[in-house]
Amino acid sequence: MVQEQAQQKLSIQFEDIAQQNESYIVGMWTFLVTEIMFFGGLFAAYLVYRVANQEVFWEAHRHLSIPLGFFNTCVLLTSSLTMALTVHYSQRGLRKQQLLWLLVTMALACTFLVVKGFEYHHKFVEGLIPGANFRFEPAEHMRVAQLFFSLYFAMTGLHALHVVIGVLVMTILAVLIAIKHPSVQDFIPIELTGLYWHFVDIVWIFLFPLLYLIPR
Amino acid sequence: MSVAVAKHGEVKHNYLNAGDTVLSWLLTTDHKRIAVLYLVSVTLFFAVGGLLALLIRLELLTPQGDLMTSENYNRVFTMHGVVMIFLFLIPAIPAVLGNFLVPLMVGARDLAFPRLNLASWYVYMAGGLIATWAMVNGGVDTGWTFYPPYSSSYSTSQVTLTIIGAFLIGFSSIFTGINFIVTIHKMRAPGLTWFRLPLFIWAHYATSVIIVLGTPVVAITLLLVAVERVFRLGIFDPALGGDPILFQHLFWFYSHPAVYIMILPAMGVISEVVACFSRKRVFGYHFVAFSSVAIAVIGFLVWGHHMFTTGQSVYAGMVFSLLSFLVAVPSAVKVFNWTATMYKGHIEFRAPMLYVMGFLGLFVIGGLTGLFLASLATDIHLQDTYFVVAHFHYIMVGGTIFGYLAGLHFWWPKMTGRMYPEGIAKLAALIIFAGFNLTFLPQFVLGYLGMPRRYHWYPEEWQMLHVMSSAGTALLGIGYILPVFYLLWSLRNGALAGPNPWGATGLEWKTDSPPITHNFEETPIVTEEPYAYENHHQQEEVASGTGASTAEA
Chain A
1 MVQEQAQQKL SIQFEDIAQQ NESYIVGMWT FLVTEIMFFG GLFAAYLVYR
51 VANQEVFWEA HRHLSIPLGF FNTCVLLTSS LTMALTVHYS QRGLRKQQLL
101 WLLVTMALAC TFLVVKGFEY HHKFVEGLIP GANFRFEPAE HMRVAQLFFS
151 LYFAMTGLHA LHVVIGVLVM TILAVLIAIK HPSVQDFIPI ELTGLYWHFV
201 DIVWIFLFPL LYLIPR
Chain B
1001 MSVAVAKHGE VKHNYLNAGD TVLSWLLTTD HKRIAVLYLV SVTLFFAVGG
1051 LLALLIRLEL LTPQGDLMTS ENYNRVFTMH GVVMIFLFLI PAIPAVLGNF
1101 LVPLMVGARD LAFPRLNLAS WYVYMAGGLI ATWAMVNGGV DTGWTFYPPY
1151 SSSYSTSQVT LTIIGAFLIG FSSIFTGINF IVTIHKMRAP GLTWFRLPLF
1201 IWAHYATSVI IVLGTPVVAI TLLLVAVERV FRLGIFDPAL GGDPILFQHL
1251 FWFYSHPAVY IMILPAMGVI SEVVACFSRK RVFGYHFVAF SSVAIAVIGF
1301 LVWGHHMFTT GQSVYAGMVF SLLSFLVAVP SAVKVFNWTA TMYKGHIEFR
1351 APMLYVMGFL GLFVIGGLTG LFLASLATDI HLQDTYFVVA HFHYIMVGGT
1401 IFGYLAGLHF WWPKMTGRMY PEGIAKLAAL IIFAGFNLTF LPQFVLGYLG
1451 MPRRYHWYPE EWQMLHVMSS AGTALLGIGY ILPVFYLLWS LRNGALAGPN
1501 PWGATGLEWK TDSPPITHNF EETPIVTEEP YAYENHHQQE EVASGTGAST
1551 AEA
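Chains as they are written, first to last, in the numbering used here: chain A, 1 to 216; chain B, 1001 to 1553.
Heads up, some of the hints might be wrong.
[Said to hold, decoys possible] Taking beta-carbon pairs under 8 Å as the criterion, some of the chain B residues facing chain A (in silico):
1) D1110
2) I1174
3) I1181
4) K1186
5) L1213
6) T1221
7) G1234
8) L1240
9) H1518
10) T1523
[Claimed, not checked] To be clear about the criterion: a stretch of chain A counts as covered by chain B if any three or more of its residues have a C-beta under 8 Å from a C-beta of chain B, and this derived list gives those stretches:
11) 8-15
12) 145-153
[What the hints assert, rightly or not] Partial list, computed: chain A residues near chain B (C-beta under 7 Å):
13) E22
14) S23
15) V26
16) G27
17) T30
18) F31
19) M37
20) F38
21) G41
22) A45
23) V48
24) P130
25) G131
I should point out that these hints are in silico values taken from the structure, not numbers from a laboratory. Virtual Cβ for every residue (Gly too), placed ideally from N, Cα, C.
Let's have the full structure, built from the sequences with the hints guiding it.
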């Protein structure tokens, strides 16, 4: 059943295909390390403030919708599964299945973004957007609650930006796969996108309990 | 291997003549051409930063404010810092010399990701131009450290634009770092094991690790300041619920290791040059290699020494102080090993070697004064004085720029195929050394006497020291301008270098000067230890421009 792997193009700087593929994968992992540190700064800031303001952070977090957050967690975890299937079929060179699972992954990613959009809208209606119009009861906790929502929007916003970038990359790949472009004949582009996508999911796996599930 | 030099103007194919159009440079993916692009860009930004330094020193000639208001003085020293640190010191050695040499030294045809490499230059230029745009449209006055809440809530200068510039430049160095890590891991020539790598490569590997781990943190931190400024989110401003000390922690978590991003590549250059011009193996190769890694690791754990006076807990202060003393150990290991390398060597006083010796002296002074600042009690007295200014200039200018100039002269024949003029190069090295010490030695005294940094008014009794310092700057300026002229002159008129004018070991010397586009006619195979100068007696006599090559098979 396994189709013949299409001939990969070897870039001039590499000796052979194995070296080229390994280089791309090591490069992607190195990039993901920078991403971990990028989010790490935000996570550190959040943890420092949460430890310092446990009580108000708990109060503020009750304005987040746990059902929506849970739903989105399920959506993203499922998208990791479908991305893994995409990579699986792409390694076997099965183009149609690869395209199908890639589109499913994109649909799930978009679902996540839409739900996130509803959540943001809800915060807007409730006056929980940090800034001049920020409202919070009781008023003496307003300053720290605003800090919580500043961090909430910074962290989920940066994560959502990563989801958007992921969707854009997947769209380009889907088009290239659909038109049988030679640059996506091997599994490396999908493999790298998969690594990135799993990273985006893992960030959410930390964001969800940290923001939505604060214990009393 | 071929003898490269043409005797009668016969033009040999190389990376420089592979295309003459502007587009062939702007769209190149050749690491050597990108290195040249970086060389031109960092030189321009160095000139900008240098002119700003000149303005600072002119203002400080007299105790009163003559040239500018306090506000403008704030802008000038801030922009001097931003330009010199983000646009010159951090990219200088990795992006110019590292870019040129890492693939050559590991025997590869190019870096692993040539297009990413070109992208890094474009991102660097975009960041640099945005920062320049901010400079000419009102400047920025927060100090290069961007401390909130001043930067996020109060400053009326172009903080946001400058931060966007710094953010982009950070990404350009991340791209370079990723490229180096992958190239060093995956693209070494057959036989080039980790312990046969030149120490320049070890230093760049350690640097890349710092870049990859540290730069994203400062990127997100600066981004948060910009977001706080634009959207009034409260993250660091205490009036909005935030904690400005947290910013300092996150900022220095990168910005202290950033000092090692500047100095480690210079140390890599020193190892190469000192071995070549002492005609000896580097003493204690493994120790020098691992000390780079040790500096990278311990360097991440010392950031708190910038914050001894900010109300950080005294126990944290003690731990950071101890760790700061600890990071001096691997640096000292290097200095001792370089000195031991020179011991009983056949030392040749070429211009690069003069810079190396200058480096050793200045780095020792810079390093030892760092210990004063790492001590909790003395730091209370010296914090934010000219002592600190002098200390970090000894490391960053005395270390990085001397390393950069040593490397630039050492590999100039490789990059251009031409020798620089030795006599005037030596003179420039001496002028820079003298000018540097005249500029910054008095500042230690000023700081000890209590002159705070970032002020342009001072009591009259300190004028003499300030005048000395400003006079040194003039000398330093002359020393920096000389290489611009004689290096450009040498492009046409320098003696032809040949593949290996210094009789040096290392793969980069086994190909033509300048190298062909893909570096080597065929992939080299490495069969010997690095710095095997004792095995190469036939290379003892340094080619006098005729370019005799005795490269091994």
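Which numbered hints are broken by the structure, listed smallest first?
-> none
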